[in-house]
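J.: Chains as they are written, first to last, in the UniProt record's numbering: chain A, 1 to 63; chain B, 1 to 63; chain C, 1 to 63; chain D, 1 to 63; chain E, 1 to 63; chain F, 1 to 63.
Hints are not guaranteed to be accurate.
One copy or any two copies: either way a pair holds, since identical chains are not told apart in the list.
[Claimed, not checked] Here are the simulated SDA-like pairs of lysine to any residue, each with C-alpha atoms no more than 25 Å apart in a straight line:
(1) Lys50 / Glu32
(2) Lys9 / Lys58
(3) Lys50 / Asp62
(4) Lys25 / Leu60
(5) Lys50 / Gln63
(6) Lys40 / Lys58
(7) Lys9 / His52
(8) Lys25 / Ala36
(9) Lys58 / Thr33
(10) Lys58 / Glu32
(11) Lys25 / Glu39
(12) Lys40 / Gly13
(13) Lys58 / Arg20
(14) Lys9 / Ser49
(15) Lys58 / Ser38
No lab work stands behind these hints, which were simulated from the structure alone.
It should be emphasised that the depicted structure is a prediction, and the values quoted were computed from it without experimental measurement.
Protein chains: 6
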Amino acid sequence: MSMPYVTVKMLEGRTEDQKRALVEKVTAAVSETTGAPSEKIAVFIEEMSKNHYAVNGKRLSDQ
Amino acid sequence: MSMPYVTVKMLEGRTEDQKRALVEKVTAAVSETTGAPSEKIAVFIEEMSKNHYAVNGKRLSDQ
Amino acid sequence: MSMPYVTVKMLEGRTEDQKRALVEKVTAAVSETTGAPSEKIAVFIEEMSKNHYAVNGKRLSDQ
Amino acid sequence: MSMPYVTVKMLEGRTEDQKRALVEKVTAAVSETTGAPSEKIAVFIEEMSKNHYAVNGKRLSDQ
Amino acid sequence: MSMPYVTVKMLEGRTEDQKRALVEKVTAAVSETTGAPSEKIAVFIEEMSKNHYAVNGKRLSDQ
Amino acid sequence: MSMPYVTVKMLEGRTEDQKRALVEKVTAAVSETTGAPSEKIAVFIEEMSKNHYAVNGKRLSDQ
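Turn these sequences into a full structure, and let the hints steer you where they fit.
T.: Here it is, written out as structure tokens:
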């Protein structure tokens, strides 16, 4: 079964090349440190838009 | 209050008919096995795109 | 790879037998309606305690 | 570091003004009650569409 | 049906009084700004331990 | 503000040393590939117990 499951939540705007490298490197990091084989590791990317993310009570789109 | 809460995360591409059947059958399964009345059970569908999901360090869109 | 991923969030207190039946029936319901083979479907159970869940501004433990 | 993290999951359709007020008031409420400074509090908005949310085995889009 | 759903993820250690006030004030803030009636709003508290949360590559328990 | 946010969901049982290395290496991988500075990256570890995780309709604790 696939495991661990990794979710990376970030602002939208990264390129496909960045995302491709991201899942590759993160998978390697998780495999190396947990001992889980790479083929069991799943990575999800979740993108946020600037009007749906706030810090200090203010959305990024309002700053 | 609504409860349990069920989230189904899957690749995009299922039809509306499949999704309609999915929430109906899952709700029935949860109700039958937990004893919660159907009207208290909420189901969320979350869709992933192929460039945001990877196994073995490779996104589905790159395989 | 495992997919879809199903998360069932519910109040703590169900028996092991209920949980065993829950994952079995939910998996069958998802497989039947999405066409995904059962061995690709993962189910997670997440339990909430009554002091960490509120409706109408009141926690269950306070009602 | 930012903390607490607050996620508000709701049906799509709120205006930008409503979302702006939402993150402001929620941040204030969390800061006041937990003692965390506002600049450490992050708020995420997640929107659901009516065909991806069901109660009682029926999606909102089917009711 | 209950909605919106609010999740507050924070370090463990808040008192029951703080949590009670937290869900009450957050519910009021969400109701006031989204127009949802309080009895439809659900709030979940999720606690993290210091060895399961890291910023800058270092867990809180290691700082 | 902290961002990206990374969540690693895995079976319980890893040692503190493994978790310490995990958050360090994952943070480095995310920083290198997204360009986000390490001090903006948060990592959460979520552990599952074997009776709350199932594949193929069967919990790990039942296999």
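J.: Confirm or reject each hint.
T.: Tested hints:
Taking the closest pair of Cα atoms, Lys50 and Glu32 come within 25 Å of each other only across two copies (22 Å); inside a single copy the shortest separation is 34 Å, beyond that limit. For the homomeric pair Lys9 and Lys58, the shortest alpha-carbon distances inside one copy (19 Å) and between copies (18 Å) are both at most 25 Å. With identical chains, the CA atoms of Lys50 and Asp62 are at most 25 Å apart within one copy only, with a shortest distance of 8 Å there and 27 Å across copies. For the identical chains of this complex, Lys25 and Leu60 are inter-copy neighbours only, at 16 Å across copies versus 28 Å inside a copy, given an alpha-carbon limit of 25 Å.
In this assembly of identical chains, Lys50 and Gln63 lie within 25 Å of each other by CA distance solely inside one copy; the values are 10 Å within and 30 Å between copies. When the C-alpha separation of Lys40 and Lys58 is checked against a cutoff of 25 Å, the pair qualifies only between copies, where the shortest distance is 12 Å, while the shortest distance within a copy is 39 Å. Taking identical chains as interchangeable, the C-alpha atoms of Lys9 and His52 lie at most 25 Å apart whether they share a chain (12 Å) or sit on different chains (11 Å). Proximity of Lys25 and Ala36 under a CA criterion of 25 Å is satisfied in both settings, with 14 Å inside one chain copy and 14 Å between copies.
In this homomeric assembly, Lys58 and Thr33 come within 25 Å of each other (Cα to Cα) only across copies, at 14 Å, whereas the closest approach inside a single copy is 37 Å. Only between protomers do Lys58 and Glu32 lie at most 25 Å apart by alpha-carbon distance; the minimum there is 16 Å, versus 38 Å within a single protomer. Taking CA atoms no more than 25 Å apart as the test, Lys25 paired with Glu39 passes in both settings, with 13 Å inside one copy and 18 Å between copies. Taking identical chains as interchangeable, the C-alpha atoms of Lys40 and Gly13 lie at most 25 Å apart only when they sit on different chains, with a minimum of 17 Å there against 28 Å within one chain.
Taking the shortest Cα distances, Lys58 and Arg20 sit within 25 Å of each other only across copies (7 Å), while inside one copy they are farther apart (31 Å). In this assembly of identical chains, the alpha carbons of Lys9 and Ser49 lie at most 25 Å apart whether taken from the same copy (11 Å) or from different copies (14 Å). For a Cα distance limit of 25 Å, the shortest separation of Lys58 from Ser38 across copies, 10 Å, qualifies, whereas the shortest one inside one copy, 39 Å, does not.
Checked against the numbered hints given earlier, this structure breaks none of them.
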